[in-house]
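Participant: Spelled out, the chains give:
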Amino acid sequence: MTKTEENKQGFLNLNLRTKTLLVTVIALIILVSVFLSNFLIDHQAVLTSNFYNINQAPSFEHLFGTDWMGRDMFMRTLLGLGISIGVGAFASVISTVVAILLGVFSSVNTLVDEVVTAIIDLFGSIPHILLIILVSLAFGGGYYGVIMAVGLTHWTPLARVLRAEIKKINTSEYIKLSNEFGKSKLWIAKKHIFPLIISQIIVGVILMFPHAIMHEASISFLGFGLPAHEPAIGIILAESMKYLSMGYWWLAFYPGLSLLLLVLLFDLIGENVHRLLDPQSAQE
Amino acid sequence: MDTLKAENVNFGYGSHQILKNLNFEMNNNQVIGLFGDSGSGKSTLCKVLTGFINDYEGNITVNGQKHKGGYNPIQLIYQHPEKVMNPRWKMKDVLEESWMPDDSLLDEFGIKREWFGRYPSELSGGELQRFSILRSLNPKTKFIIADEISTMLDAVTQVQIWESLLTVARKNEVGVLVVSHDKNLLNRICDDIVYLADITD
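Note that the protein sequences, when read in sequence, are chains A and B.
So the first sequence is residues 1 to 284, counted in this note's numbering.
So the second sequence is residues 285 to 485, counted in this note's numbering.
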């Protein structure tokens, strides 16, 4: 093989790590631009009804069509996705904090560990949607209710992972040796344990996003979530149900598809970041 | 002179008694070999002596004092060096967790400075064991318990490692307890050999 051929092939076949990184960055740019577009769109203008062009099918002027009040569905969808990302972000932060606290507590002693495990099992055993609706109602609904509801119910898998991970590290021989070297518990937690679990936390948070977004949309769809005047995807879908039988398919199709793509993008980023951070596959 | 003393030590896993009424004494100028059959409790004894196992009965003292907190003057060197190193740490951090030896000591153990930037998974077993030994040779160490530390190494590396370890141990007056089931090795390097069966009931 000549040198130029080798170079050419090298360019086409980027190594796996670079490829993964590239895909992640592209996905991230899409998500960030969707979120930032919310701040650039004039909400008032977009959400004002315009009865000259109601129920128009998708065209170049209105990519996703218009609804029965003549509002552009593309803009509404974009705003809805922005809301979803915002709610997802808040909820993920809350869930992560809860998961880290419980994970760390469980390493204190066996009694605390039992309690933590019981709490995790308790939350895991209640049907998810039901729990979200209950918590949302308890917090009085609206944005606050949805964020708290989604945030306070999504920490179980991450807490379970962190508990197991901390347990594994704590019983490892290098931690025992660190004790023998006279290192304090705080030093060990900071230098040994934290760097080892930070990648789990990052991946856990990113993979929590799609769940949080889906659940936010579901309870909004069911009417227990965001207020009806918000352009949330769940609300848009619930409204469109009334018009589906009249043949206005675009009202449900595009917003639903966009939500699905958003969730898949988060999932993709999560998987890729996991692959990049995991020591077993990081060198591939 | 420092004395390591184990008095009436009892330890078992659950109902299975491993160490029964163990009595043992050595000082810091000795290199003692400990010989025993497989499964006789050699490794358990090592863990008890170095505080890796805490829930034993009896007394283990250095100069009449039990170790509580801080740097343990009795240090264990493991059979598997990769297990006692954080896989996400570079070798420099691994070594510095205990102390930073000077260049002459690094040379004595044949450790190259370019290894400092690598992770444990990027070094061979023999190279890792050198780090592991050097790490336990902190000036605060008075006794070293070497639990089958050369079993997985080839003959040449074994000789190198034992020579370096014993030279430094003699110079710094560190007592070494060599635990092995290789009788020839013990005959060769130890001042005295103790049978585990003789010091327990």
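Keep in mind that the hints were calculated from the coordinates and are not lab data.
Mixed in with the good hints there might be a few duds.
With a cut-off of at most 30 Å between alpha-carbon atoms, the simulated DSS-like pairs for lysine-lysine come out as follows [said to hold, decoys possible]:
hint, chain 1, residue 1, chain 2, residue 2
1, B, Lys367, A, Lys190
2, A, Lys191, B, Lys350
3, B, Lys374, A, Lys19
4, A, Lys191, B, Lys424
5, B, Lys350, B, Lys331
6, A, Lys176, B, Lys350
7, A, Lys183, B, Lys374
8, A, Lys168, B, Lys374
9, A, Lys191, B, Lys289
10, A, Lys183, B, Lys424
11, B, Lys289, A, Lys167
12, A, Lys185, B, Lys326
13, B, Lys467, A, Lys183
14, A, Lys185, B, Lys455
15, B, Lys352, A, Lys183
16, A, Lys185, B, Lys467
Participant: Going through the earlier hints one by one, which of them does the structure break, listed in rising order?
Facilitator: Violated hints: 9, 11, 13, 14, 16; rest satisfied.
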